[in-house]
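The hints should help you fit chain B onto chain A, whose structure is shown.
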Amino acid sequence: MTPELPDAGNLLETALNSLRTDLLPYLPDHARYTGLMVANALSIALRDLRAEPARAEMEAAMTRLIGRNDATTLCRAIQAGRFDAPDHDSALRLNLLLITKARLSINNPKALG
Amino acid sequence: MTTPLSAEPLTPDQVRSLTEWLTRQAGARSVVVGNVRRLSGGAISVNLAIDLMIEGGDVAGPCAAVLRSGSPSGVSASLDKVREAAVLKAAFDAGVMAPEPLFVEATGNVLGAPFYLMRRATGLAAGHRLVKAPTVPALAYELGRQLGRLHAIRPGAPGLDFLPMPTNSIVDECLNAYRDWLGDVAGKDPVLAYALRWLDRRRPAMGDLVLSHRDYRTGNYMVDDGRLTAIIDWEFAGWSDAMEDIGWFCAACWRFGQRAREAGGIGNRADFYAGYEQASGRSIDHTAVGWWEVMAHLRWAAIAVQQAMRHVSGAEPSLELALTGRMVTEISYDMLQQIDRMEGGA
Chain A
99 MTPELPDAGN
109 LLETALNSLR
119 TDLLPYLPDH
129 ARYTGLMVAN
139 ALSIALRDLR
149 AEPARAEMEA
159 AMTRLIGRND
169 ATTLCRAIQA
179 GRFDAPDHDS
189 ALRLNLLLIT
199 KARLSINNPK
209 ALG
Chain B
93 MTTPLSAEPL
103 TPDQVRSLTE
113 WLTRQAGARS
123 VVVGNVRRLS
133 GGAISVNLAI
143 DLMIEGGDVA
153 GPCAAVLRSG
163 SPSGVSASLD
173 KVREAAVLKA
183 AFDAGVMAPE
193 PLFVEATGNV
203 LGAPFYLMRR
213 ATGLAAGHRL
223 VKAPTVPALA
233 YELGRQLGRL
243 HAIRPGAPGL
253 DFLPMPTNSI
263 VDECLNAYRD
273 WLGDVAGKDP
283 VLAYALRWLD
293 RRRPAMGDLV
303 LSHRDYRTGN
313 YMVDDGRLTA
323 IIDWEFAGWS
333 DAMEDIGWFC
343 AACWRFGQRA
353 REAGGIGNRA
363 DFYAGYEQAS
373 GRSIDHTAVG
383 WWEVMAHLRW
393 AAIAVQQAMR
403 HVSGAEPSLE
413 LALTGRMVTE
423 ISYDMLQQID
433 RMEGGA
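Quick note, the sequences are listed as chains A and B, same order. In case it helps, the working numbering puts the first sequence at residues 99 to 211. In case it helps, the working numbering puts the second sequence at residues 93 to 438.
Bound conformation, chain B alone:
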């Protein structure tokens, strides 16, 4: 966002070595790499839009692509790019509207870091803009359906052996991870201490362990003219309880101000649920989803605390990170209200 528009995202040497590599990968007579430009959303990954013209080979013709590589300040919880591409392929093969991965470079020898190319979807991802459009029931339904298809992928599916299986219960894994992310703050902020305690005491029955996106929310899918075109940002994918993604999608903190539209600020819960149940054949566990919504707020609060610490510690001075720290209050407020609803508005 702060990079001047004139800065070239790739050096001439990098373009040359990318072109040679792509020509070999595509089995092409020639490849032209053109119109390289930076895309937004690069907190964890670097995303470049690239227009390819491929002569010969299996994918001959013009190809609108995105090149995605890791950023220097990778988040420990995120997958590396080669694994992310494998998840993308598994989802794509299962009929999920994930961008089709095209070529994967695992060595880092071509551009200095591993990367992959995928087909570029059209449309808009920005959450604060998507929630301003009139609600389209079919969009919430379709987002539910896509998640249902993803959740048909179960442990043991081919090509995903690298995804760690939870060793404890998934609840313990989440609570331990977020307590760890919060560090000292877990013992200084009573609302966060209360959420950790409440989630532990009120844990619901767990359901099926499924391939979960783990950042399935408004802002991480693309919409063109009211129609879903792609689910993006797969770097946090892993095995989890099926209701976690649903709680994350519906949590109040991801509605971008459209509080009454309980499905991600873009639609109704009923439409989203109906799409999910139709595609997955699995019933929504309403109590579990409500509980996962509390967990969603705790997770987002823990991420916000980490971001604030990156600024406060001096490691990465940034006004945006500083302001994220003050957002913890709003997340806490939504979280307490959700607990209140779960406890019958006592």
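Looking at chain A on its own, in the form it has when it is part of the complex:
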């Protein structure tokens, strides 16, 4: 396949910069909230495109817990009580926190503090 230039990430980033620099400051008040939401949606999509390291962290945490990267299987194990014992419970919580932090690096990095 012929590589496209620019790639999707570059296009999104460029569109986001134009939105922030050339549009947002000039939007009337009633459209400003929508403008900010559009910028937020584009930012999330851009981080999602470039989230290989975050996905690798999620995969590693999931694999530590159940030996493979499969959220549905992990959910079933939790529901069946396989992590109820105190030491399993804290290991589960620790890894779920790592997974959630990795997802936050895509969805809302500011919330990571």
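Any given hint could turn out to be false.
[Unchecked claim] No more than 35 angstroms apart at the CA atoms, straight line, and that leaves these computed lysine-lysine pairs for DSBU-like:
1) B:Lys181 - A:Lys208
2) A:Lys208 - B:Lys224
3) B:Lys280 - A:Lys208
4) B:Lys181 - A:Lys199
5) B:Lys224 - B:Lys181
Source of the hints: derived by calculation from the structure; they are not laboratory data. Source: prediction; values computed, not measured.
Below, chain B without anything else, positioned relative to chain A:
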């Protein structure tokens, strides 16, 4: 929010029939309905500000009112407007700073849907703006006191027979409802599956069953010049454990970024608790409140998932609903940290 400002919220025919109906209800010689405008916060309800001038009858004089009616996409968990008005009246009569309900139209014949009118409070409700003001200890105390007064209303109170009594334990009702709201996602998102399991395993002793607001949080009360003027948005009210409202109010997800202000982003927990204990004569169960804070995050996550599904399914394409779906991660993060605190930061 997207309605153009020029759009009239009521047609001339609706204004005429509202005026006639109000004149009869108020036992007035005449009523003038003026300055009708849409208020924000209409995800579930339609709220219109209306200035009334009433000549004669029991409520003669100028009256700043809000007309509240159901929206077409009503949420199943919410009360209809006639019942909501009855809850409002019970709260108002118990001395809670709820807006006084004035007139209730139950048939739908006047405006096409049932509605009620209540007195309009002054001030601001927007959470993200309220949390930017300096903390006023008296405000957190007063919010606790108001909740304490509300929680003095117990099952069997007159006028509230329509509110369903929990058939199971209140914990089972909550867990079943939120599992249901989550649908497939409960089996695909390990954090939500974990929260459901943890809440079930760690259930605290339940306390008194009381009339609960069930959306008592910053954003659902009005403040004017640092002073509380009204508790609003009563559509989720019902019988519940007294600690549920307290956990919902204090949950990290309802602090609008002011994480250190543990009482709704506006004040200290100690002030809020003190007001509650003074007015209710009931002690705060700290373990139960912490547990209800986890439940609060699960509930908000389940609502956010539902909102995202309304967009993703194509039923109601909306950028705002789409972005709410991605908020589930942040809610999950706060929830896990709260469980961690409850487990001693293991």
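Against the structure, the hints:
Annotation: proposed proximity of Lys181 of chain B to Lys208 of chain A is violated, straight-line Cα distance about 42 angstroms (limit 35 angstroms). A hinted pair counts as satisfied when its Cα atoms are at most 35 angstroms apart, and Lys208 of chain A with Lys224 of chain B qualifies at roughly 18 angstroms. Under the criterion of a C-alpha separation no larger than 35 angstroms, the hint pairing Lys280 of chain B with Lys208 of chain A is consistent with the structure, at around 25 angstroms. With a C-alpha separation of about 45 angstroms, the suggested pairing of Lys181 of chain B with Lys199 of chain A is violated against the 35 angstroms cut-off.
The straight-line distance between the Cα atoms of Lys224 of chain B and Lys181 of chain B is roughly 32 angstroms, inside the 35 angstroms bound, and the hint therefore holds.
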